[in-house]
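Peer 1: Numbering (this note's numbering), first residue to last: 62 to 241.
Among the clues, some could well be false.
Simulated pairs of lysine-lysine, BS3-like, Cα-Cα distance not exceeding 27 Å [what the hints assert, rightly or not]:
| # | residue 1 | residue 2 |
| --- | --- | --- |
| 1 | Lys223 | Lys172 |
| 2 | Lys113 | Lys181 |
| 3 | Lys181 | Lys223 |
| 4 | Lys171 | Lys201 |
| 5 | Lys199 | Lys171 |
| 6 | Lys90 | Lys113 |
| 7 | Lys181 | Lys203 |
| 8 | Lys230 | Lys203 |
| 9 | Lys181 | Lys199 |
| 10 | Lys171 | Lys181 |
| 11 | Lys223 | Lys203 |
| 12 | Lys172 | Lys201 |
| 13 | Lys172 | Lys203 |
Please keep in mind that the hints were generated in silico from the structure rather than gathered at the bench.
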Amino acid sequence: MNRIYFDNAATTSLDPQVLEAMMPYLTEKFGNPSSIYSYGREGRLAIETARKTVAKILNAHPAEIFFTSGGTESSNTAICASVHDLGCRHIITSSIEHHATLHTVEYLHKKNGVALSFVKLLPDGHVDLDDLDASLAKSKEKCLVTLMHANNEIGNMLDLHKAGEICKKYGAIFHSDTVL
62 MNRIYFDNAA
72 TTSLDPQVLE
82 AMMPYLTEKF
92 GNPSSIYSYG
102 REGRLAIETA
112 RKTVAKILNA
122 HPAEIFFTSG
132 GTESSNTAIC
142 ASVHDLGCRH
152 IITSSIEHHA
162 TLHTVEYLHK
172 KNGVALSFVK
182 LLPDGHVDLD
192 DLDASLAKSK
202 EKCLVTLMHA
212 NNEIGNMLDL
222 HKAGEICKKY
232 GAIFHSDTVL
(Lines of atoms letter the chains of each structure in order from A and count residues from 1; the text may use other names and numbers.)
(Lines give C-alpha, C1' and ligand atoms only; values in the text may rest on other atoms or scores of the structure.)
Protein backbone atom coordinates (compact mmCIF):
# COMPACT_ATOMS: atom_id res chain seq x y z
CA MET A 1 0.00 0.00 0.00
CA ASN A 2 1.31 3.44 -0.93
CA ARG A 3 1.11 5.96 1.87
CA ILE A 4 0.78 9.69 1.25
CA TYR A 5 1.58 12.23 3.94
CA PHE A 6 -0.83 15.20 4.05
CA ASP A 7 0.21 16.99 7.24
CA ASN A 8 3.16 19.06 6.08
CA ALA A 9 1.60 22.08 7.81
CA ALA A 10 2.41 20.37 11.13
CA THR A 11 5.79 18.86 10.32
CA THR A 12 7.74 17.72 7.30
CA SER A 13 10.28 15.02 6.64
CA LEU A 14 13.89 15.92 7.20
CA ASP A 15 15.62 17.23 4.10
CA PRO A 16 18.54 14.91 3.20
CA GLN A 17 20.94 17.88 3.05
CA VAL A 18 19.95 18.91 6.57
CA LEU A 19 20.48 15.37 7.82
CA GLU A 20 23.91 15.26 6.17
CA ALA A 21 24.90 18.58 7.76
CA MET A 22 23.66 17.45 11.18
CA MET A 23 25.15 13.93 11.21
CA PRO A 24 28.47 14.93 12.79
CA TYR A 25 26.58 16.54 15.69
CA LEU A 26 24.30 13.54 16.11
CA THR A 27 27.08 10.94 16.08
CA GLU A 28 30.48 12.46 16.95
CA LYS A 29 30.20 16.07 18.15
CA PHE A 30 27.21 15.58 20.44
CA GLY A 31 28.50 17.35 23.55
CA ASN A 32 26.51 19.77 25.65
CA PRO A 33 27.30 23.22 24.16
CA SER A 34 27.20 24.73 27.66
CA SER A 35 30.02 22.47 28.88
CA ILE A 36 33.70 23.42 28.90
CA TYR A 37 35.15 20.12 27.66
CA SER A 38 36.08 19.58 23.99
CA TYR A 39 32.76 18.03 22.92
CA GLY A 40 30.89 20.95 24.43
CA ARG A 41 33.18 23.52 22.84
CA GLU A 42 32.64 21.90 19.42
CA GLY A 43 28.90 22.09 19.89
CA ARG A 44 29.07 25.72 21.03
CA LEU A 45 31.27 26.64 18.03
CA ALA A 46 28.74 25.05 15.65
CA ILE A 47 25.87 27.01 17.22
CA GLU A 48 27.76 30.31 17.12
CA THR A 49 28.82 29.71 13.51
CA ALA A 50 25.19 29.04 12.57
CA ARG A 51 24.10 32.17 14.49
CA LYS A 52 26.59 34.32 12.55
CA THR A 53 25.50 32.79 9.24
CA VAL A 54 21.82 33.51 9.92
CA ALA A 55 22.63 37.03 11.14
CA LYS A 56 24.55 37.78 7.95
CA ILE A 57 21.66 36.55 5.79
CA LEU A 58 19.19 38.73 7.73
CA ASN A 59 21.54 41.72 7.97
CA ALA A 60 21.30 41.48 11.76
CA HIS A 61 23.75 41.30 14.65
CA PRO A 62 24.44 37.75 15.90
CA ALA A 63 23.19 38.76 19.38
CA GLU A 64 19.76 39.32 17.81
CA ILE A 65 19.47 35.69 16.66
CA PHE A 66 17.79 33.21 19.01
CA PHE A 67 17.40 29.50 18.41
CA THR A 68 14.35 27.83 19.93
CA SER A 69 12.84 24.37 19.92
CA GLY A 70 10.12 25.32 17.43
CA GLY A 71 7.37 27.67 16.35
CA THR A 72 5.35 27.62 19.58
CA GLU A 73 8.33 28.58 21.74
CA SER A 74 9.42 31.20 19.20
CA SER A 75 6.02 32.90 19.04
CA ASN A 76 5.54 32.72 22.80
CA THR A 77 8.95 34.29 23.40
CA ALA A 78 8.41 37.10 20.87
CA ILE A 79 4.89 37.92 22.07
CA CYS A 80 5.78 37.88 25.77
CA ALA A 81 8.94 39.95 25.19
CA SER A 82 6.89 42.53 23.27
CA VAL A 83 4.67 42.97 26.31
CA HIS A 84 7.17 42.56 29.15
CA ASP A 85 10.29 44.10 27.60
CA LEU A 86 9.05 46.46 24.88
CA GLY A 87 6.01 47.84 26.71
CA CYS A 88 3.22 46.83 24.33
CA ARG A 89 -0.11 47.26 26.13
CA HIS A 90 -2.44 46.44 23.23
CA ILE A 91 -2.29 43.29 21.11
CA ILE A 92 -4.05 43.09 17.76
CA THR A 93 -4.43 39.65 16.19
CA SER A 94 -7.03 37.61 14.29
CA SER A 95 -9.43 34.94 15.46
CA ILE A 96 -7.91 32.35 13.09
CA GLU A 97 -4.35 32.41 14.41
CA HIS A 98 -2.57 29.25 15.51
CA HIS A 99 -3.40 28.22 19.08
CA ALA A 100 0.20 28.91 20.09
CA THR A 101 -0.50 32.59 19.42
CA LEU A 102 -4.12 32.72 20.60
CA HIS A 103 -3.42 31.04 23.94
CA THR A 104 -0.49 33.36 24.62
CA VAL A 105 -2.33 36.59 23.82
CA GLU A 106 -5.41 35.49 25.79
CA TYR A 107 -3.19 34.69 28.79
CA LEU A 108 -1.50 38.11 28.59
CA HIS A 109 -4.91 39.76 28.32
CA LYS A 110 -6.26 37.95 31.41
CA LYS A 111 -3.16 37.96 33.61
CA ASN A 112 -1.45 41.22 32.62
CA GLY A 113 -4.40 43.39 31.62
CA VAL A 114 -3.12 43.88 28.09
CA ALA A 115 -5.84 45.12 25.72
CA LEU A 116 -6.72 42.53 23.10
CA SER A 117 -8.40 43.25 19.76
CA PHE A 118 -9.23 40.99 16.85
CA VAL A 119 -8.90 42.36 13.33
CA LYS A 120 -11.82 41.62 11.01
CA LEU A 121 -11.61 38.92 8.38
CA LEU A 122 -12.79 39.20 4.80
CA PRO A 123 -15.40 36.69 3.53
CA ASP A 124 -12.60 34.55 2.04
CA GLY A 125 -10.80 34.35 5.41
CA HIS A 126 -8.05 36.84 4.63
CA VAL A 127 -7.14 39.47 7.21
CA ASP A 128 -8.86 42.79 6.49
CA LEU A 129 -5.83 45.08 6.28
CA ASP A 130 -8.04 48.19 6.14
CA ASP A 131 -9.47 47.15 9.51
CA LEU A 132 -5.93 46.64 10.82
CA ASP A 133 -5.07 50.18 9.73
CA ALA A 134 -8.21 51.54 11.43
CA SER A 135 -7.53 49.57 14.64
CA LEU A 136 -4.00 50.90 14.87
CA ALA A 137 -5.14 54.45 14.09
CA LYS A 138 -7.55 54.49 17.02
CA SER A 139 -5.34 52.70 19.57
CA LYS A 140 -3.91 54.88 22.33
CA GLU A 141 -1.47 52.21 23.53
CA LYS A 142 1.79 50.86 22.16
CA CYS A 143 0.65 47.95 19.97
CA LEU A 144 1.85 44.50 19.06
CA VAL A 145 0.31 43.10 15.89
CA THR A 146 0.65 39.34 15.58
CA LEU A 147 -0.65 37.71 12.39
CA MET A 148 0.42 34.42 10.84
CA HIS A 149 1.95 34.35 7.37
CA ALA A 150 0.29 31.16 6.12
CA ASN A 151 -2.83 29.91 7.84
CA ASN A 152 -2.34 26.28 8.84
CA GLU A 153 -6.00 25.35 8.35
CA ILE A 154 -7.31 27.31 5.36
CA GLY A 155 -4.05 28.12 3.59
CA ASN A 156 -4.52 31.88 3.23
CA MET A 157 -1.33 33.90 2.87
CA LEU A 158 -0.92 37.27 4.58
CA ASP A 159 0.73 40.04 2.59
CA LEU A 160 3.58 40.49 5.07
CA HIS A 161 4.96 43.57 3.33
CA LYS A 162 1.63 45.40 3.37
CA ALA A 163 0.88 44.41 6.98
CA GLY A 164 4.40 45.46 7.99
CA GLU A 165 4.03 48.83 6.29
CA ILE A 166 0.78 49.48 8.17
CA CYS A 167 2.44 48.58 11.47
CA LYS A 168 5.44 50.77 10.67
CA LYS A 169 3.11 53.71 9.91
CA TYR A 170 1.80 53.57 13.50
CA GLY A 171 5.01 52.49 15.25
CA ALA A 172 3.55 49.08 16.14
CA ILE A 173 5.66 46.01 16.78
CA PHE A 174 4.89 43.38 14.12
CA HIS A 175 5.22 39.66 14.82
CA SER A 176 4.35 36.96 12.31
CA ASP A 177 4.28 33.22 12.82
CA THR A 178 6.01 32.21 9.60
CA VAL A 179 6.27 28.50 10.30
CA LEU A 180 5.42 26.74 7.06
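Peer 1: Which numbered conditions among the earlier hints are violated in the structure presented, ordered from lowest to highest?
Peer 2: Checked against the structure, the hints that fail are numbers 1, 2, while the rest are satisfied.
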